[in-house]
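The hints should help you fit chain D onto chain Y, whose structure is shown.
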Amino acid sequence: MVDVPLGHVGPVPGADIEDVELYHPHSWITKYVFAQDAKVIAIQYSLTALSVGLIALVLSWLMRLQLGFPGVFSFIDANAYYQFITMHGMMMVVYVLTALFLGGFGNYLIPLMVGARDMVFPYVNMLSFWVYLLAVLILIASFFAPGGPTGAGWTLYPPQAILSGTPGGQEWGIVLMLASLMVFIIGFTMGGLNYVVTVLQARARGMTLMRMPLTVWGIFTASFMALLAFPALFVGCVMMMFDRIFGTSFFLPAIVEMGQPLERSGGSPLLFQHLFWFFGHPEVYIVALPAFGIVSDLISTHARRNIFGYRMMVWALLAIGALSFVVWAHHMYVSGMNPYFGFFFATTTLIIAIPTAIKVYNWILTLWRGNIHLTVPMLFALAFIVTFVNGGLTGLFLGNVVVDVPLSDTMFVVAHFHMVMGVAPILVIFGAIYHWYPKVTGRMLNDTLGKLHFWVTFLGAYAIFFPMHYLGLMGVPRRYYEMGEMSFVPPSAHTLNAFITIVALVVGATQLTFVFNLFWSLRHGKVAGSNPWRATTLEWQTPETPPSHGNWGKAPPIVYRWAYDYSVPGAAEDFLPQNQPSAQAVSGEAHG
Amino acid sequence: MGSSLIFLAALLAIGIWWLSRQGLMSKPWLEQGVVAEAPFPRDFTSSAARMGLGVFLAVVGSLFALLISAYAIRMQVSDWRDVPLPKVLWLNTGMLILSSAALQSAWNAARKAEEDALMVGLFAAGVAALAFLSGQLLAWRQLTADGYFLTSNAANAFFYMLTGIHGLHLLGGLVALSRTIALAWRGAQPERVRLSVGLCATYWHFLLIVWFILLSVLTAWVGIALDICRQLLT
Numbered sequence: 001m002v003d004v005p006l007g008h009v010g011p012v013p014g015a016d017i018e019d020v021e022l023y024h025p026h027s028w029i030t031k032y033v034f035a036q037d038a039k040v041i042a043i044q045y046s047l048t049a050l051s052v053g054l055i056a057l058v059l060s061w062l063m064r065l066q067l068g069f070p071g072v073f074s075f076i077d078a079n080a081y082y083q084f085i086t087m088h089g090m091m092m093v094v095y096v097l098t099a100l101f102l103g104g105f106g107n108y109l110i111p112l113m114v115g116a117r118d119m120v121f122p123y124v125n126m127l128s129f130w131v132y133l134l135a136v137l138i139l140i141a142s143f144f145a146p147g148g149p150t151g152a153g154w155t156l157y158p159p160q161a162i163l164s165g166t167p168g169g170q171e172w173g174i175v176l177m178l179a180s181l182m183v184f185i186i187g188f189t190m191g192g193l194n195y196v197v198t199v200l201q202a203r204a205r206g207m208t209l210m211r212m213p214l215t216v217w218g219i220f221t222a223s224f225m226a227l228l229a230f231p232a233l234f235v236g237c238v239m240m241m242f243d244r245i246f247g248t249s250f251f252l253p254a255i256v257e258m259g260q261p262l263e264r265s266g267g268s269p270l271l272f273q274h275l276f277w278f279f280g281h282p283e284v285y286i287v288a289l290p291a292f293g294i295v296s297d298l299i300s301t302h303a304r305r306n307i308f309g310y311r312m313m314v315w316a317l318l319a320i321g322a323l324s325f326v327v328w329a330h331h332m333y334v335s336g337m338n339p340y341f342g343f344f345f346a347t348t349t350l351i352i353a354i355p356t357a358i359k360v361y362n363w364i365l366t367l368w369r370g371n372i373h374l375t376v377p378m379l380f381a382l383a384f385i386v387t388f389v390n391g392g393l394t395g396l397f398l399g400n401v402v403v404d405v406p407l408s409d410t411m412f413v414v415a416h417f418h419m420v421m422g423v424a425p426i427l428v429i430f431g432a433i434y435h436w437y438p439k440v441t442g443r444m445l446n447d448t449l450g451k452l453h454f455w456v457t458f459l460g461a462y463a464i465f466f467p468m469h470y471l472g473l474m475g476v477p478r479r480y481y482e483m484g485e486m487s488f489v490p491p492s493a494h495t496l497n498a499f500i501t502i503v504a505l506v507v508g509a510t511q512l513t514f515v516f517n518l519f520w521s522l523r524h525g526k527v528a529g530s531n532p533w534r535a536t537t538l539e540w541q542t543p544e545t546p547p548s549h550g551n552w553g554k555a556p557p558i559v560y561r562w563a564y565d566y567s568v569p570g571a572a573e574d575f576l577p578q579n580q581p582s583a584q585a586v587s588g589e590a591h592g
Numbered sequence: 593m594g595s596s597l598i599f600l601a602a603l604l605a606i607g608i609w610w611l612s613r614q615g616l617m618s619k620p621w622l623e624q625g626v627v628a629e630a631p632f633p634r635d636f637t638s639s640a641a642r643m644g645l646g647v648f649l650a651v652v653g654s655l656f657a658l659l660i661s662a663y664a665i666r667m668q669v670s671d672w673r674d675v676p677l678p679k680v681l682w683l684n685t686g687m688l689i690l691s692s693a694a695l696q697s698a699w700n701a702a703r704k705a706e707e708d709a710l711m712v713g714l715f716a717a718g719v720a721a722l723a724f725l726s727g728q729l730l731a732w733r734q735l736t737a738d739g740y741f742l743t744s745n746a747a748n749a750f751f752y753m754l755t756g757i758h759g760l761h762l763l764g765g766l767v768a769l770s771r772t773i774a775l776a777w778r779g780a781q782p783e784r785v786r787l788s789v790g791l792c793a794t795y796w797h798f799l800l801i802v803w804f805i806l807l808s809v810l811t812a813w814v815g816i817a818l819d820i821c822r823q824l825l826t
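Protein chains in written order, with our numbering: chain Y, 1 to 592; chain D, 593 to 826.
For reference, chain Y alone in the conformation it holds in the complex (with noise of 0.2 Å):
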């Protein structure tokens, strides 16, 4: 890159706006648990949403154990299996993924990359985080009421949600399940609104949009986007909520349960599935537009250039986003909807791959003749390109209608989105982790305890979802409790299926190493010094590492270039923070 100074290069005099005045906290009590400091609040999302994670993590292992070797464990019949299928979609969805990349690395990051002091109403974000543990904690308290959580599929289509044949659809787990529904939403608008009005308003000064990094911008999309989507999510639990509790009939059309006809009449199943999508196809990219932005930054910084058409990826993030509300009915094929919807809706779903495809091409562009780091981060991130194209072409596929509607329902779904929504976001979690991990703590994660998690997780999860294509092809069912008597089924089938359950035990256990790396390292890990990676964002430059209660010490940075001046030619260091005035300064050479 030539240098090109516009406008003034030098010193710029520090902002003449005076500091945000701050809430200090004066006691144990404001300073670590009712935390108004983004960062604080960012680990006690990230912390919550690991934990249910690591709930949901089980609750697979239970359903694997039930598919691989059937009728051998009696404690699971199809209630649990139902039970247990149910509560690990809707965790590892919404209270884990969303919680943790919006909650988690949004609260985290976004204050600290665009040079701000704090959230802007932190007040607010303090209740978000509050808020959002009582959503967990009223779901988690479904698995002790009587009837147990529902089980009716985590996309809860009525009206069997809330008839007597499906578990909890009595009894309370539907109820439990909608009322932590609707609080996390509550609690996600109250966090989503500091996101969103944080990137607006807060930006230090020289941090244009452009000058963004891309986490932030990927972060910043898939606040607004989860602003506008989770309404739909909203809308539908309150109508289902009045349905199961005042006998509506918003849902249920008339309808004969175990024999006796229910005084319902007229109620569209067909709307629900639309709130629902309406909200759960958005909710897909909210998940995967930080996860782009994060691994953008990722590949850039541990392959030492810069990002390969920086604005294209901006573009491309704004472009998947708005499209992303256009494409909710290819959820919807064989739901007897109108069938000239599908044909509009194959239509825009394959035009979400251009976007798509245009960041991967970027991506490797930025790889190539890169001075490629294979680091536990870089490894991540490599790995989440290989899978998330894996997972998308299968998407391709599944988007056109001739294809979905022989696989709809099969195990070939399941293995689509585990690949492109399931395993992809969790690798750019674990790969941002382990690159944050020494800003957040001070020291490293355990490289050797990284690199076995890293290719046990990679590895495990392709010989755990690559077979489920074929199973899926083959016309496996998903959402069965046991196969029965099927004689399109070969036995084979059956031992592929014990095989993936083995693997997923595996899989599962090897987790717990990521968990006791997170704590042996907090004592033991090496020291990281300030920019351990030696990257250009602002989260890096500050002051203090751990970043203090303010992030900036007496001034907030000022931004001088964007987020990946990497390698610059003539520079001293091959890495330029972003609020260092001029490439000479570093080596010390007079101004030219």
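Treat the hints with care, since some could be wrong.
Stated by the list, open to error - For each label pair, taking beta carbons as the anchor points, the in silico distance ranges come out as: (1) D:Leu-677 <-> Y:Leu-473: 48 to 58 Å; (2) D:Ile-606 <-> Y:Val-33: 34 to 44 Å; (3) D:Ala-705 <-> Y:Ser-567: 35 to 45 Å; (4) Y:Trp-520 <-> D:Leu-729: 51 to 61 Å; (5) D:Leu-677 <-> Y:Thr-347: 35 to 45 Å.
Calculated directly from the structure, the hints in this document are not laboratory data.
The beta-carbon is built from N, C-alpha and C at its ideal position, and this holds for glycine as well.
Positioned in the frame of chain Y, the structure of chain D alone reads:
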């Protein structure tokens, strides 16, 4: 889902217009130094609060657009029986308009630093809003007395739900309004009071517009208007 898509399209238009002024075409890799000032509001707190309210209104708007979408989809089923709207709703509508107007006058008074007019406006707005809410409860009672129960038809259920959710939002607004009144009463900084009054007024106007839209949906005026348009087209 038409109304939701229209709402989102409007937001998208605003978003594109706004982004187009943010230098999205710039080439950040060629630019150094403090080239373009990040938008630095002179009054940080107030502009963040206004922006926060704006985004929140987008969320609430999305919620109501989706509710109306659900209403439009569900009403196509043949068991739908329209609810005869109680007359008191028109009185309530008047109350809500009054409330909004009172807050607007309070805002104007706050800008001109006329403290008495400010307090009168704030209290009048609060009283009118409470009158609106009690009027809504009255409408519910009338409907149940006439046998239009929540469960007897989906149209009834929608009426209770839509008015209920709108009422809850106004109730939340009243909490903010009472805090604003307390602020003005204690004689806080005029700028701080002006900000709070302004935010309340904006929220009130928004809820008034939402109410007009809900009313036109519930009275089936929208349906009639759409039918006329359709006939004109064919």
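Open item on the list: Tell me the numbers of any earlier hints that the structure contravenes, in ascending order.
Closed with: Number 3 - this is the single hint that the structure violates.
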